[in-house]
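Here the sequence shown is numbered in the working numbering, starting from 1262 and rising by one per residue.
Don't take each hint at face value.
Per label pair, the in silico range of CB-to-CB distance [as the list claims (entries may be wrong)]:
(1) Tyr1318 x Glu1504: 31 to 37 Å
(2) Ala1399 x Pro1558: 39 to 45 Å
(3) Ala1588 x Asn1551: 18 to 24 Å
(4) Arg1520 x Arg1333: 38 to 44 Å
(5) Tyr1318 x Gly1633: 32 to 38 Å
Hints were generated in silico from the structure; no laboratory data involved. Backbone N, C-alpha and C fix where the C-beta goes; we use that ideal spot for every residue, glycine too.
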Amino acid sequence: MRLVTAVTICCYRSPVYRVIQWGTGAVGAEMMTAILDRRGREEHKGHRLELVGARVYSNAKHGVDIGQILGRDPIGIAATTNVDDILAMDADCVLYTPRTARVDDVCAVLASGKNVATTAFMFHPRRMATADRDRVLAACEDGASSVHGSGLNPGNLSGVLPLALSGMSRTIDKITLQERADWSVYESTGITFDNMAFGEPVESISPTATEFLAFNSSIFSEQVWFIGDTLNADLDEVTATVEAVAAQRDHQIFDHVLRAGTTAGQRWNWTGLRDGEPLVEIETLWTVGNEYPGHWPKPRHGWTLTIDGDPTMQTHFFSLASLHREATMEEHVRSANVATAMQVLNAVPAVCEAPPGFATSATLPLIYSGGGFRQP
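With these hints in hand, go ahead and build the complete structure from the sequences.
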């Protein structure tokens, strides 16, 4: 006599994570576009995200369908400027991508029981201001939620990539990341001129000159600390310096004119020191207009990461729309926004499954593409 056991075979479906987009600018728009492009693909075996809301800052966008904000068909979900509406929504994660980050916002979201994945800050919470860190951690505990900050740079190139390459190291003497970028190609002149202070008097540029410059400097300093703390550098301090260089002539940058004699170049340097010896260094060579200071280093555009040690390694990274077809400058610039957005969007499942508290690039599993290869 044979014993026959009936077995029910269930088709595996990956979990669905309900997400809210906070901020619908260039990076936020790329996140929402990626989510909507995957929607309805039943064959998709990667993680599945469902967009359930969006927080906007403009009254002109309030009540407007998210699809229409993106220039596509309506999806039946309206954006809102009302934070209370966002906090009341049923969602697993908030994608937090505002131009200027606010700890109050993030704490409110975390305390409401929603995880946060952000491109704005939280790259290395251990080195945040103590009061802010304690508030965020308390909100995580109240909401049983976690928070993760990443992106392109700061983010992958100044966090994930150095750690990945260090896996081939016997010993490390120094890690250096150098970025070369021409801000003239970025159409968001509000960020270039209002936030980053290009076009301002040269003597007014310093790591603490404005609230935004101080904030921006702090997140790069956090990345230096992150590398040092994770790889046991025992850094004593991280210094921040900037050299501003004046334009020799006027430059038309989209809707803005950069005047001769005002700031057209900023060379920032964040250095982690141990006993006075530089062990970790991030340098950015940023310009506006087609002038470049002759006394500055002349790296290729993009990011060059060097690990001096045994062995010494160097890699260069840049993002483009394509290497195989003609593309506009606008398309090439957009590629960096896509990379920034996807580094965080692809981390959503890991962030949602992480224990309450801070989730960093050192504690999360490897983040890889949730969509994978393009489908026919």
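Query raised in the report: Any hints this thing doesn't respect? Which numbers, in order?
Result: none
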